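The numbering of the sequence shown is numbering that gives the first Met the number 0, which starts it at 0 and goes up by one.
Just so you know, the hints here were simulated from the structure itself, not pulled from any lab data.
Among the clues, some could well be false.
Claimed, not checked - Pair by pair, the computed Cβ-Cβ distance ranges are:
no.: 1; residue 1: Lys110; residue 2: Val20; range: 14 to 24 Å
no.: 2; residue 1: Leu103; residue 2: Leu10; range: 15 to 25 Å
no.: 3; residue 1: Ala18; residue 2: Lys50; range: 16 to 26 Å
no.: 4; residue 1: Lys110; residue 2: Met1; range: 33 to 43 Å
no.: 5; residue 1: Leu25; residue 2: Ser79; range: 37 to 47 Å
no.: 6; residue 1: Asp44; residue 2: Pro84; range: 47 to 57 Å
no.: 7; residue 1: Val20; residue 2: Tyr94; range: 15 to 25 Å
Unchecked claim - Subject to a maximum C-alpha distance of 30 Å in a straight line, what follows is the list of computed DSS-like cross-link-like pairs (lysine-lysine):
no.: 8; residue 1: Lys111; residue 2: Lys50
no.: 9; residue 1: Lys110; residue 2: Lys53
no.: 10; residue 1: Lys50; residue 2: Lys110
no.: 11; residue 1: Lys111; residue 2: Lys53
Predicted model only: the values in this text are computed from it and were never measured.
C-beta atoms are modelled at their ideal positions from N, C-alpha and C, and glycine is treated no differently.
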Amino acid sequence: MMEIVIALLFLAKILLALALVFFGSLGVRRGKNYVGDVPDRVGFDPELRRKANKVIIVGGVCAFVLCLPPFLWSFSAALSEEPFPMVGLALLVVYSIVTTSALLYPFERIKKMKNTVNSR
0 MMEIVIALLF LAKILLALAL VFFGSLGVRR GKNYVGDVPD RVGFDPELRR
50 KANKVIIVGG VCAFVLCLPP FLWSFSAALS EEPFPMVGLA LLVVYSIVTT
100 SALLYPFERI KKMKNTVNSR
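Generate coordinates for the entire structure from the input sequences, incorporating the hints supplied.
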């Protein structure tokens, strides 16, 4: 049962990563913002919009790649009859923090783009 819950949590992260790639391809556009809280200057400057879109797509792909192995491992553990090792569970908890950071990194990077623009 625990293996299925872990597999579903990593599946949710995989879907979020794919959503980042999708919304990054739609991008930050003038007047329409598909990715959340984006500074106004990033929304109006074409070069900064291009950089923001690229950061979102790359971050989504990286998060997808990072989430795929633990999803496959926990899903295969759920299908097998062997008990889930506690060391594996502890490693998945730590790795989950890494994958969550990878999902949130593009948004922090875009906020820092605003700070670098304001310092010019």
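Evaluation of the provided hints:
no., hint, verdict
1, Lys110 with Val20: 14 to 24 Å, "holds (20 Å)"
2, Leu103 with Leu10: 15 to 25 Å, "holds (18 Å)"
3, Ala18 with Lys50: 16 to 26 Å, "holds (20 Å)"
4, Lys110 with Met1: 33 to 43 Å, "holds (36 Å)"
5, Leu25 with Ser79: 37 to 47 Å, "holds (40 Å)"
6, Asp44 with Pro84: 47 to 57 Å, "holds (50 Å)"
7, Val20 with Tyr94: 15 to 25 Å, "holds (21 Å)"
8, Lys111 with Lys50, "holds (12 Å)"
9, Lys110 with Lys53, "holds (14 Å)"
10, Lys50 with Lys110, "holds (12 Å)"
11, Lys111 with Lys53, "holds (15 Å)"
Taken one by one, the earlier hints all hold for this structure without exception.
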